[in-house]
Amino acid sequence: MAEFPILSLLIFMPLIGAGFILAIRGDEEVVAQNARNVALWTSAVTFILSLFLWNGFDQSTADFQFIEKYEWMPSFGISYHLGLDGISVLFVLLTTLLTPICILASWTSIKDRVKEYMISFLILETMMIGMFSALDIMIFYIFFEAVLIPMFLIIGVWGGKRRVYAAFKLFLYTLLGSVLMLLAIFVMYANAGTTDMTVLLTHAFPAEIQPWLWLAFFASFAVKVPMWPVHTWLPDAHVEAPTAGSVILAGVLLKFGGYGFLRFSLPMMPLASADFAPLIYALSIIAVVYTSLVALAQEDMKKLIAYSSIAHMGFVTAGTFTLTTQGIEGAIYVMLSHGVVSAALFLIVGVVYDRIHSREISDYGGLVERMPTYALFFMVFMLASIGLPGTGGFVGEILVLVGLFAVNTWVAAFCALGVILGAAYMLYLYRRVIFGKLTKESLKQIADMNRREVVIFTPLLVITLWMGIYPPAFLDFMHVSVANLIEHVQTAQAAAGMLVAVSP
Amino acid sequence: MIIKAVVFLPLFAAIIAGILAFMRHGNDSESSRRVDTMSQWITSGGLLLSAVFATLVFIDVGLNGNARTIHLFTWIDSGSFDVAWALKVDTLTAVMMIVVTYVSAMVHVYSIGYMHHDHHVPRFMCYLSLFTFFMLTLITADNLVQMFFGWEGVGLCSYLLIGFWYHKPSANAAAIKAFVVNRVGDFGFALGIFAVYMIFDTVHLDTIFATAPEKADTMLVVFGYEFHALTIACLLLFVGAMGKSAQLGLHTWLPDAMEGPTPVSALIHAATMVTAGVFMVARLSPIFEYSDLALTVVTIVGASTAIFAATIACTQNDIKRVIAYSTCSQLGYMFFALGVSAYSAGIFHLMTHGFFKALLFLGAGSVIHAMSDEQDMRKMGGIWKLIPVTYGLMWIGNLALAGIPPFAGYYSKDIVLEAAYGAHTGVGSYAFYMGLLAALLTAFYSWRLLFMTFHGSPRADEKVMAHVHESPKVILFPLMFLATGAVLSGWAGYSYFVGEGAVEFWGNSLLILDSHPALENAHHVPMLVKYAPLIVGVIGIGLAYVLYIKRPDLPGKIAASIPTIYAISFNKWYFDELYDRIFVRPAFYLGRNLWKVGDGTLIDGLGPDGISSAVRIMARRAAALQTGYLYHYAFAMLCGAVVLVSWYLFSNVG
Chain W
-12 MAEFPILSLL IFMPLIGAGF ILAIRGDEEV VAQNARNVAL WTSAVTFILS LFLWNGFDQS
48 TADFQFIEKY EWMPSFGISY HLGLDGISVL FVLLTTLLTP ICILASWTSI KDRVKEYMIS
108 FLILETMMIG MFSALDIMIF YIFFEAVLIP MFLIIGVWGG KRRVYAAFKL FLYTLLGSVL
168 MLLAIFVMYA NAGTTDMTVL LTHAFPAEIQ PWLWLAFFAS FAVKVPMWPV HTWLPDAHVE
228 APTAGSVILA GVLLKFGGYG FLRFSLPMMP LASADFAPLI YALSIIAVVY TSLVALAQED
288 MKKLIAYSSI AHMGFVTAGT FTLTTQGIEG AIYVMLSHGV VSAALFLIVG VVYDRIHSRE
348 ISDYGGLVER MPTYALFFMV FMLASIGLPG TGGFVGEILV LVGLFAVNTW VAAFCALGVI
408 LGAAYMLYLY RRVIFGKLTK ESLKQIADMN RREVVIFTPL LVITLWMGIY PPAFLDFMHV
468 SVANLIEHVQ TAQAAAGMLV AVSP
Chain E
10 MIIKAVVFLP LFAAIIAGIL AFMRHGNDSE SSRRVDTMSQ WITSGGLLLS AVFATLVFID
70 VGLNGNARTI HLFTWIDSGS FDVAWALKVD TLTAVMMIVV TYVSAMVHVY SIGYMHHDHH
130 VPRFMCYLSL FTFFMLTLIT ADNLVQMFFG WEGVGLCSYL LIGFWYHKPS ANAAAIKAFV
190 VNRVGDFGFA LGIFAVYMIF DTVHLDTIFA TAPEKADTML VVFGYEFHAL TIACLLLFVG
250 AMGKSAQLGL HTWLPDAMEG PTPVSALIHA ATMVTAGVFM VARLSPIFEY SDLALTVVTI
310 VGASTAIFAA TIACTQNDIK RVIAYSTCSQ LGYMFFALGV SAYSAGIFHL MTHGFFKALL
370 FLGAGSVIHA MSDEQDMRKM GGIWKLIPVT YGLMWIGNLA LAGIPPFAGY YSKDIVLEAA
430 YGAHTGVGSY AFYMGLLAAL LTAFYSWRLL FMTFHGSPRA DEKVMAHVHE SPKVILFPLM
490 FLATGAVLSG WAGYSYFVGE GAVEFWGNSL LILDSHPALE NAHHVPMLVK YAPLIVGVIG
550 IGLAYVLYIK RPDLPGKIAA SIPTIYAISF NKWYFDELYD RIFVRPAFYL GRNLWKVGDG
610 TLIDGLGPDG ISSAVRIMAR RAAALQTGYL YHYAFAMLCG AVVLVSWYLF SNVG
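Each protein sequence line maps, in turn, to chains W and E.
When we follow the numbering used here, the leftmost residue of the first sequence carries the number -12, and every step to the right adds one.
When we follow the numbering used here, the leftmost residue of the second sequence carries the number 10, and every step to the right adds one.
Calculated from the structure, these hints are not laboratory results.
Hints may contain errors.
[What the hints assert, rightly or not] Here are the simulated lysine-lysine pairs, DSBU-like style, with alpha carbons at most 35 Å apart:
| id | chain 1 | residue 1 | chain 2 | residue 2 |
| --- | --- | --- | --- | --- |
| 1 | E | Lys566 | E | Lys482 |
| 2 | W | Lys427 | W | Lys98 |
| 3 | W | Lys427 | E | Lys605 |
| 4 | E | Lys388 | E | Lys581 |
| 5 | E | Lys177 | W | Lys424 |
| 6 | E | Lys388 | E | Lys539 |
| 7 | E | Lys472 | E | Lys482 |
| 8 | W | Lys148 | W | Lys102 |
| 9 | E | Lys177 | W | Lys431 |
| 10 | E | Lys605 | E | Lys472 |
| 11 | E | Lys559 | E | Lys539 |
| 12 | W | Lys424 | W | Lys56 |
| 13 | E | Lys482 | W | Lys424 |
| 14 | E | Lys605 | W | Lys148 |
| 15 | E | Lys177 | E | Lys581 |
| 16 | E | Lys394 | W | Lys424 |
| 17 | E | Lys581 | E | Lys566 |
| 18 | E | Lys13 | W | Lys427 |
| 19 | W | Lys431 | W | Lys56 |
| 20 | E | Lys539 | W | Lys424 |
| 21 | W | Lys427 | W | Lys56 |
| 22 | W | Lys424 | E | Lys605 |
| 23 | W | Lys424 | E | Lys472 |
| 24 | E | Lys581 | E | Lys394 |
| 25 | E | Lys605 | W | Lys431 |
[To be verified] Here are some chain W residues the structure puts well away from chain E; computed CB gaps all over 10 Å:
| id | residue |
| --- | --- |
| 26 | Ala49 |
| 27 | Phe51 |
| 28 | Thr95 |
| 29 | Thr311 |
| 30 | Gln313 |
| 31 | Thr396 |
| 32 | Lys424 |
In this text, a Cβ means the ideal position worked out from N, Cα and C, and glycines have one as well.
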């Protein structure tokens, strides 16, 4: 505990920045500019600080690291307890990477209430980092739910025409699941006598209540992922959200569900997880095939990418419950690479939206003539999205499929079908936007990406290729923690006399 | 080091050309032209150098037997799924390296002349070099996943190259079609990789080959049924090979791919990408050998494709499409050679075909260039005196294709057919007779092409005819080089590939079990079998002469007398229409309906929107409930208490 409190620093750094912005006074224009600068600097410093996690993380142990623990409500056994392991550490880095990018992406496109917008974003970052590093289930719950508030505001205030509808849809869906999760948390507390996750992770919950707990958590996580059929809030939220809102939504918020399954459902309800795995597979297959087909028919760029996100998340849920090394590591990898790639794709849409103010695919065509740099960046991220080998998208998908094939060939085959459809809808999108003759009057004077935009995209491009060509840089973080997780679950299942699947 | 140079030179050239593509300003300015020239020199130079190094590698590995693997670094490592970036070079790879780098280098040089007027020269050169790089990573893979990397990489480059003229809607459609149809094949390939991993617990080729004999009787449960493990793995992998090598069923992308510039057609179709499937099966001979069923399927698919594509080639009018279908047909030959375990014969035909088919494509490009971008043979004719060099080179290419001695195709096609005959199996005979029939058609459509293009009275308008000119040296030089290969490679390679020196030459890179003696038997077939391909070839040429020179009125009459058969051939057996009906349109139809009805009406209608409207109605009702009567409120409170108490009891029980 004498260690440097790096996680608290990361969590509160953005809040301090938000405080500064709140204190800014003066002329509207000056306030806006200062708010932008403060937000950018705060998030940049947070990112640089978070690199300490990258360097300082010990990859040889499955124990939680960077631990901080302070009593908070001792009578209930609730404490302020933080820490990271190989499953969560990279998500924190993903968050700190995407936040400054989001702020940079909102630099000119947000003109009203800039101050409030920047404050929302910094608070959002606090909540996200807190969620991933929480080691007390109450702390987790608070961060998990509180994320909704800034997100709700970002969509509801700075969104498009139907923003209020979308914001409420998001809010109601997620809230519905959360209520059940809260009930489950109470039951867990009653049963284990503590809210400390490190204890809960090793606590054996009675087999009779596991299914109920599992379903309650499932209600919350399935909405967040989102899984079919509770996915319809996502396309609406994406379409109405401002660009940076979509980026954070797709890049980080969608990972809450997958992370939750890995952190709670699998290790704490191992028996129920085995029982419900077929349900997860079925919903995942539907998600992959159904939403890929729906994506094919989309006319709105953001909606198309939103549906493709749901399909990718289908890989995550299916891979997680294979309980194989490849399946789980692949699921985490898909989340990370999707975090980068889908974020980049929403930014890509944002670039032309800022210029033409339309998301309709039919309003574009032939952009490569005037925007070659844009076409190149779009191409790389499109290819990463369809899982071309050499990009981050491939590694996760193939690992998930390897894991699935070992467990259930049908599931693997249906998920692989999604890879074909993925190629179809993304290439079709790219063709309609980028290729063809540039004939529309509104596009005749469109400008290529400026320096700020290139600065935004370059790190994402580098990471996408890095994740594709040298994945050990990322996979090495996970190995020990994932192995530990699998062993723990298998031991629990074996103790209950269940047939343990052999994991290769 | 030298092996690394062969593989990575094209990558560096591609990166530099890619950067140059962004430095081009304006269309015809002086500086743009300089950038163009620089990109052409860098990429062509890089490829020529790569070809020189590949020759050295070939001498070292192929002739002196120094097969080796260079481990670069770990790629994907998860549990026992351990994949590395590596360069594995044995004789099979060395042969492929020669074919790939030589043809690619020639295509690069040719493009300098052919793409001269284009405004996107650096981009084009970048794609070509990148394509070569991916192809080289494919053939040097020491594991299945790296092979898949190269496999999808060449697919990407073919997408980019086919759609190079992005303002043409037909080119864009063809590009997407090529990528998606290939993805269907890749779907099989990927599942095949997973099956192999299930069986062997590794995807590393050498380890797989070493343990394959032990796994010959293993069973594997796939899709709920128990299969012979190696058979199911091989069949799934073969689906991938069918996609990339445009075999029957997954061939539809290849003719459409002719939308790309001509050098692309040569590079993709002649020597490199489409042969990847053949290479894959040959590379995996140590597992295919243990599955007779898989080999049988390979033979049948190959033989059927050979005859199927040849029937279409006879009626097409686009010069490039004729050659494209011809490629499809020749790939069928290679596959049935592999299917009867005559792997070296298949690879031999792959090599000779690489030279003469690249020659034909590039020669066709030279014709198209001369005819002011006209590709329809009905609008050509009577130009052989005007472009004599191209004409002569096309003759060489067609002689090699038709298998006339001493041209390269004679040696390789003969050994392929003899091996099919020598297999002494039912499918072997099927392959032999289909191959023989296809050889007749091959000779026929080749000379039909020659006669329609070069002979007869000119059918182009005067303006075009006035422009007909021989191509510049930079175009003719690669053609001559390839022509040399088309003349000599069969004669020079025979004893190494399939003759006395074959065992020593191939070393451990191919495996043939003693129970599959087709190649051995091929050297002892009856005289008639030996000369049959030559005889049918000559008959085919004669037939074309009669129909297109002596009696040019006859083809039309024949077509009119058998309208159904003609229509089937002319419309490519209606595959495109069929696929459009059963895959493309239903996919869009489903997508639209799942979206509007599934998401819209059902999920949202019953879910959030339904609930919100229900809540609104309930709220109105609830307002009505505020009656002011005390007993109403008391009843409601009682209900609430009951719910709370029961929940409390329930959770305590839990």
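Check each numbered hint against the structure and report the violated ones by number, ascending. Of the numbered hints, 1, 6, 10, 12, 16, 18, 19, 20, 21, 29, 30, 31, 32 do not hold.
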